[in-house]
Amino acid sequence: MDSQLQLFLQQVLNGLTIGMLYALVALGYTMVYGVLQLINFAHGEIFMVGAYLALTTIWFFASWLGGVPFWGILIALFVFSMMGSALLGAVIEKVAYRPLRGSPKLTALITSIGVSFFLQNAVMLLYGSKEQSVPEIIPNVQFHLGGVTLSLIQLVIFGVSIGLMCFLTWFVKSTKTGMAMRATAENPEAANLMGISVNHVIRTTFILGSALAAVAGALFSMNYGSVNFHDGYLAGLKAFTAAVFGGIGSIPGAMIGGLLLGIFEGLGAGYLSSEWKDVFAFALLVTVLIFRPSGLLGENVPEKV
Amino acid sequence: MKKIILFLLPFSFFPLLDKNAYHMDLMTNVGIYVLLAMGLNVAVGFTGLLNLGYAAFFAIGAYTYALLNLHMGCPFWLGLPIGGLVSMIFGFLIGIPSIRVRGDYLAITTLGFGEIVRIAFNNLDRWTGGPNGLLGIARPNFFGFQFSVNATPYFYLVLILVAITAYLLLRMSDSKTGRALVAIREDELAASCMGIPTLHVKLTAFGTSSFIAGIAGAVFASKQTIITPDSFDFVLSVLILAMVVLGGMGNLWGAALGALVLGILPELLRGFASYRMLIFGLLMILMMIFRPQGILGGQLIRRELQTKNEGASDAAS
Numbered sequence: 127m128d129s130q131l132q133l134f135l136q137q138v139l140n141g142l143t144i145g146m147l148y149a150l151v152a153l154g155y156t157m158v159y160g161v162l163q164l165i166n167f168a169h170g171e172i173f174m175v176g177a178y179l180a181l182t183t184i185w186f187f188a189s190w191l192g193g194v195p196f197w198g199i200l201i202a203l204f205v206f207s208m209m210g211s212a213l214l215g216a217v218i219e220k221v222a223y224r225p226l227r228g229s230p231k232l233t234a235l236i237t238s239i240g241v242s243f244f245l246q247n248a249v250m251l252l253y254g255s256k257e258q259s260v261p262e263i264i265p266n267v268q269f270h271l272g273g274v275t276l277s278l279i280q281l282v283i284f285g286v287s288i289g290l291m292c293f294l295t296w297f298v299k300s301t302k303t304g305m306a307m308r309a310t311a312e313n314p315e316a317a318n319l320m321g322i323s324v325n326h327v328i329r330t331t332f333i334l335g336s337a338l339a340a341v342a343g344a345l346f347s348m349n350y351g352s353v354n355f356h357d358g359y360l361a362g363l364k365a366f367t368a369a370v371f372g373g374i375g376s377i378p379g380a381m382i383g384g385l386l387l388g389i390f391e392g393l394g395a396g397y398l399s400s401e402w403k404d405v406f407a408f409a410l411l412v413t414v415l416i417f418r419p420s421g422l423l424g425e426n427v428p429e430k431v
Numbered sequence: 002m003k004k005i006i007l008f009l010l011p012f013s014f015f016p017l018l019d020k021n022a023y024h025m026d027l028m029t030n031v032g033i034y035v036l037l038a039m040g041l042n043v044a045v046g047f048t049g050l051l052n053l054g055y056a057a058f059f060a061i062g063a064y065t066y067a068l069l070n071l072h073m074g075c076p077f078w079l080g081l082p083i084g085g086l087v088s089m090i091f092g093f094l095i096g097i098p099s100i101r102v103r104g105d106y107l108a109i110t111t112l113g114f115g116e117i118v119r120i121a122f123n124n125l126d127r128w129t130g131g132p133n134g135l136l137g138i139a140r141p142n143f144f145g146f147q148f149s150v151n152a153t154p155y156f157y158l159v160l161i162l163v164a165i166t167a168y169l170l171l172r173m174s175d176s177k178t179g180r181a182l183v184a185i186r187e188d189e190l191a192a193s194c195m196g197i198p199t200l201h202v203k204l205t206a207f208g209t210s211s212f213i214a215g216i217a218g219a220v221f222a223s224k225q226t227i228i229t230p231d232s233f234d235f236v237l238s239v240l241i242l243a244m245v246v247l248g249g250m251g252n253l254w255g256a257a258l259g260a261l262v263l264g265i266l267p268e269l270l271r272g273f274a275s276y277r278m279l280i281f282g283l284l285m286i287l288m289m290i291f292r293p294q295g296i297l298g299g300q301l302i303r304r305e306l307q308t309k310n311e312g313a314s315d316a317a318s
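Chains A and B, in that order, give the protein sequences. The numbering used here puts the first residue of the first sequence at 127, with every later residue one more than the last. The numbering used here puts the first residue of the second sequence at 2, with every later residue one more than the last.
Please keep in mind that the hints were generated in silico from the structure rather than gathered at the bench. Incorrect hints may have been included.
Unchecked claim - Straight-line C-alpha distance at most 16 angstroms; calculated EDC-like pairs for lysine to aspartate or glutamate:
#	chain 1	residue 1	chain 2	residue 2
1	A	Lys231	B	Asp188
2	B	Lys4	B	Asp175
3	A	Lys299	A	Glu312
4	A	Lys231	B	Asp105
5	A	Lys231	B	Glu187
6	A	Lys231	B	Glu189
Put together the whole structure using the sequences plus the hints.
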């Protein structure tokens with residue numbers, strides 16, 4: 127294979143890896159927006175908390191339970207960070223957003239910025255403001271497929287993300303709770319009249335979204351080998367871009383948006399300049415919001431009277 | 002006018018009572034915060050346009066004056082309005098396409114814009130000095146009086162700018178445009194049905210808001226003489242928003258009070274320096290839940306009611 131094509135495929139592959147993680151976080155944004163029409167600014171912070179919880183699990187295993195195989199630690203850290211973040215998401219919803227149900231959008235948005243700041247600084251005070259390095263627990267194995275290199279961590283990211291996305295699609299399509307979520311997104315008042323507990327649905331949405339973000343955070347920190355209390359802000363913003371790009375409120379939209387954003391970023395960093403990598407994402411965000419706010423798959427809903 | 006003088010007069014004695022240079026510098030910065038909070042309030046408070054990239058407009062004002070001064074020797078008094086104007090032009094550039102989209106989307110568009118500006122200033126090393134920023138920006142010279150490290154003249158400069166801004170904004174909020182802004186905030190659809198050209202009015206608010214940020218930026222650049230992209234990050238945008246929210250959205254004095262409180266509070270809470278942002282976050286959540294109108298928000302409603310009564314009595318007589 128000629129080296130030009132190799133480089134291209136490698137960048138696409140790297141982009142897809144990070145795109146999977148954006149997609150997982152974007153799902154949380156899009157689901158919460160679907161049921162509450164709220165841009166949950168604090169969602170990126172849940173991602174970051176998930177990463178720190180994973181790091182804590184690794185520390186715990188390193189100092190107390192030596193000799194556990196790496197997949198054992200991996201499962202434990204996923205379970206722990208998912209549970210912790212889901213709990214945090216539910217608490218945030220209950221304490222900060224529920225009292226504001228029905229108040230202007232701006233009020234809830236400002237509250238979510240407050241929550242985001244609070245979490246960022248709480249983590250900074252707990253874990254310190256320095257970047258924490260994440261010990262390597264997944265062996266650094268490389269696979270070579272026709273000139274393209276794929277590491278084991280990338281395989282884990284692909285496997286876990288695709289698995290979770292399939293689960294979520296099934297959950298929303300086929301379970302009773304999933305149906306209730308779709309009904310609430312369609313029309314909360316009518317759903318309430320049909321005997322659906324809207325509060326329960328909203329709580330479930332936050333729990334699901336937070337758990338997905340936590341997994342993404344754990345994978346992200348293991349992929350880069352470090353975690354910082356700032357990470358959630360940038361990752362959250364990019365995931366939001368992905369959600370908007372795909373069409374906010376649409377679950378397949380968030381997945382496609384995340385993957386495409388990842389690929390764009392990978393190609394942009396590979397061919398143009400990595401210094402401007404973040405600008406591509408924001409420029410895409412601004413462009414989509416201005417010219418096609420409904421995104422790729424979103425419906426064009428005019429503002430209600 | 003009387004109110005503004007009454008409000009600002011006590012502050013004009015501050016340099017006479019407190020000779021501490023550090024306090025002087027702090028109060029000048031607080032004055033710049035007051036300008037920024039009043040400016041952001043025009044967009045967020047009056048009109049309900051949430052701008053999450055306000056620091057970018059502040060940065061544009063600062064960099065405009067700094068670049069003009071360093072490359073062309075542009076004096077401060079010319080750089081000040083140009084900084085405001087350039088910032089306003091960027092406000093229009095970002096506002097014209099994005100103000101059509103729904104309110105919460107505008108917030109994210111401005112947030113993205115704010116990040117783009119900061120990263121651009123960071124990466125355009127050739128012009129902006131990159132992360133090291135620009136240094137050696139000239140201080141103002143007022144008819145032969147040369148400003149120096151001493152912050153006192155800056156304090157009076159900022160005080161005068163605050164007074165002018167407050168006066169103009171009060172005039173604006175009592176004008177037809179000001180009423181239109183509040184109408185849009187309360188119910189945009191109803192406002193447009195009443196014949197308010199909402200797009201035009203929203204742009205006016207957004208542009209005014211950016212202009213004030215640009216002015217504040219030029220003052221900031223001349224006072225610091227060094228500016229780096231790091232001084233204009235998202236934290237600053239949120240900090241100014243927190244000031245507006247705390248004092249009371251839509252209330253000029255509220256914004257000023259919020260800036261005063263959040264500007265001085267960290268100095269009083271020196272021992273809790275690392276808890277500062279944590280407390281800000283908590284404050285924003287609590288304010289939104291328990292008193293979304295802010296500390297002084299109630300007064301606006303009372304004033305609106307009074308105006309209505311006056312109107313009614315006018316009609317009766």
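Consistency of the hints with the structure:
no. : hint                : verdict
1   : A:Lys231 / B:Asp188 : 13 angstroms, holds
2   : B:Lys4 / B:Asp175   : 14 angstroms, holds
3   : A:Lys299 / A:Glu312 : 14 angstroms, holds
4   : A:Lys231 / B:Asp105 : 7 angstroms, holds
5   : A:Lys231 / B:Glu187 : 12 angstroms, holds
6   : A:Lys231 / B:Glu189 : 13 angstroms, holds
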